[in-house]
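Throw the hints in and build the complete structure from the sequences for me.
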Amino acid sequence: MEHINLDEALNKFKGELIQQYNLSEPVTEHEEDGLSVKRIGNFTGSSLKKLMTGKSKKKGLDWSMREKLVDFGDTALTYCMQKAIERLTGQRIETPVTWKMRWGTNNEPVARDKFFEKFNVPVPEQDFMFFLSNAGATPDSFIDKIVLDSVEYKNLNVEIKCPPTPDNHHKYITQDMDEKHEYFWQIQGEMDSQSKSRGIECNKTLFVSYHPYFPEGFQLGNRIVEASKLHQTAIKIRCIIAERIVVAMMKDFWKRPSDFLQDAIKDIPDNYEDIITWYKKEVVKYEPYK
Numbered sequence: 040m041e042h043i044n045l046d047e048a049l050n051k052f053k054g055e056l057i058q059q060y061n062l063s064e065p066v067t068e069h070e071e072d073g074l075s076v077k078r079i080g081n082f083t084g085s086s087l088k089k090l091m092t093g094k095s096k097k098k099g100l101d102w103s104m105r106e107k108l109v110d111f112g113d114t115a116l117t118y119c120m121q122k123a124i125e126r127l128t129g130q131r132i133e134t135p136v137t138w139k140m141r142w143g144t145n146n147e148p149v150a151r152d153k154f155f156e157k158f159n160v161p162v163p164e165q166d167f168m169f170f171l172s173n174a175g176a177t178p179d180s181f182i183d184k185i186v187l188d189s190v191e192y193k194n195l196n197v198e199i200k201c202p203p204t205p206d207n208h209h210k211y212i213t214q215d216m217d218e219k220h221e222y223f224w225q226i227q228g229e230m231d232s233q234s235k236s237r238g239i240e241c242n243k244t245l246f247v248s249y250h251p252y253f254p255e256g257f258q259l260g261n262r263i264v265e266a267s268k269l270h271q272t273a274i275k276i277r278c279i280i281a282e283r284i285v286v287a288m289m290k291d292f293w294k295r296p297s298d299f300l301q302d303a304i305k306d307i308p309d310n311y312e313d314i315i316t317w318y319k320k321e322v323v324k325y326e327p328y329k
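Per the numbering used here, residue 40 is the first one in the sequence shown, and the count goes up by one each step.
In case anyone wonders, no lab produced these hints; they're calculated from the structure. Cβ atoms here follow ideal geometry from the backbone N, Cα and C, with glycine treated the same way. Be aware that a few hints might be false.
With a cut-off of at most 30 angstroms between alpha-carbon atoms, the simulated DSS-like pairs for lysine-lysine come out as follows [claimed, not checked]:
1) K96 - K319
2) K107 - K97
3) K329 - K157
4) K305 - K275
5) K219 - K97
6) K193 - K153
7) K88 - K320
8) K210 - K193
9) K305 - K320
10) K157 - K77
11) K219 - K153
12) K268 - K88
13) K210 - K268
14) K329 - K319
Simulated restraints on C-beta separations [claimed, not checked]:
15) K290 - K193: 33 to 39 angstroms
16) E106 - S172: 24 to 30 angstroms
17) I315 - F158: 36 to 42 angstroms
18) Y328 - S103: 15 to 21 angstroms
19) I315 - E156: 41 to 47 angstroms
20) D217 - P308: 23 to 29 angstroms
21) T117 - K139: 46 to 52 angstroms
22) G112 - P308: 18 to 24 angstroms
Quick look at the structure:
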């Protein structure tokens, strides 16, 4: 029987995954970009929208129903697979950089300066913050106290967006902040991350949009977004289910993530009261700051 070098075989396998899934360069524990290290294999705020997608088109379902909580669509299952790959390879699957992303990156420092000029409140950058041991977010900033339209707000999460298209600049501030909003799930995850990492109750977000082409008075728009405990709980339940899928896939990689879904949800009760009891027992296993 031909001798197989396991190290060489594993390295070849990793190389194939890196090429197929557009993985980043190898990341070491000494890498300066600590954000990359923390994100590898974990569910992140900007991708929570993927995790929360389902297959069912049935109307009338909400996040207090088991049917919706356990409904993982193809996008959510693919995201689970990507997290398994990141853990197996130690490398992060990169999202290709688009001109829209570059626009946002280049304009965000300007937006921070404009915000400081308008409100005289600094908005320093934040680190990656966990709300579960396998999930977290990188809020743009945090404000202890600010007065907006004669109302004082405390402990505000801050999310800054710089859309390249002027119509989105208007839409981000005026569109209903519900599940259809592009950044709803991200913002909910950020508030949960702020609360958990700071040991406070962060239940509001100052959502800011900046576009340099508008007249001075309209370049910066802002709104207050409220936390939704129902949706934040749903996020954490999905992270627990997804974690089970990821762990199973790492042990039996050549199966599809959908093959592990039924085992991952089989102990989840039917009614919401019992689901919450189940959730409270499970979520303590994912305490990020022990």
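How the hints compare with the structure:
Restraint check: the Cα-Cα separation between K96 and K319 comes to about 29 angstroms, which is no more than 30 angstroms; the hinted pair holds. Distance restraint check for K107 and K97: the Cα-Cα separation of roughly 10 angstroms lies within the 30 angstroms cut-off, and the hinted pair is therefore satisfied. Restraint check: the Cα-Cα separation between K329 and K157 comes to about 39 angstroms, which exceeds 30 angstroms; the hinted pair is violated. For the proposed pair K305 and K275, the alpha carbon gap of about 17 angstroms is at most 30 angstroms, so the pair holds.
For the given pair, K219 sits about 16 angstroms from K97 by alpha-carbon distance, which is consistent with the 30 angstroms threshold. Proposed proximity of K193 and K153 is supported: the alpha carbons are some 21 angstroms apart, at most 30 angstroms. Restraint check for K88 and K320: the C-alpha separation of about 25 angstroms stays at or below 30 angstroms, so the hint holds. The hinted pair formed by K210 and K193 meets the criterion: a straight-line CA distance of about 26 angstroms does not exceed 30 angstroms.
For the proposed pair K305 and K320, the alpha carbon gap of about 15 angstroms is at most 30 angstroms, so the pair holds. The hinted pair formed by K157 and K77 fails the criterion: a straight-line CA distance of about 33 angstroms is larger than 30 angstroms. Proposed proximity of K219 and K153 is supported: the alpha carbons are some 28 angstroms apart, at most 30 angstroms. Proximity of K268 to K88 is assessed by CA-CA distance (about 16 angstroms); at most 30 angstroms being required, the pair is judged to hold.
About 25 angstroms separates the Cα atoms of K210 and K268, which keeps this hinted pair within 30 angstroms; it holds. Distance restraint check for K329 and K319: the Cα-Cα separation of roughly 16 angstroms lies within the 30 angstroms cut-off, and the hinted pair is therefore satisfied. With their beta carbons about 46 angstroms apart, K290 and K193 fall outside the hinted range of 33 to 39 angstroms. At roughly 27 angstroms, the beta carbons of E106 and S172 sit within the given window of 24 to 30 angstroms.
Range check, I315 to F158: about 39 angstroms between beta-carbon atoms, so the 36 to 42 angstroms window is met. Here the CB-CB span from Y328 to S103 is close to 28 angstroms, at odds with the stated 15 to 21 angstroms. Between I315 and E156 the C-beta distance comes to about 45 angstroms, which sits within the given range of 41 to 47 angstroms. In this structure, D217 and P308 meet the distance hint of 23 to 29 angstroms, their C-beta atoms being roughly 27 angstroms apart.
About 22 angstroms separates the C-beta atoms of T117 and K139, a value inconsistent with the hinted range of 46 to 52 angstroms. In this structure the supplied range 18 to 24 angstroms holds for G112 paired with P308, their Cβ-Cβ distance being about 22 angstroms.
In summary, the numbered hints that this structure violates are 3, 10, 15, 18 and 21.
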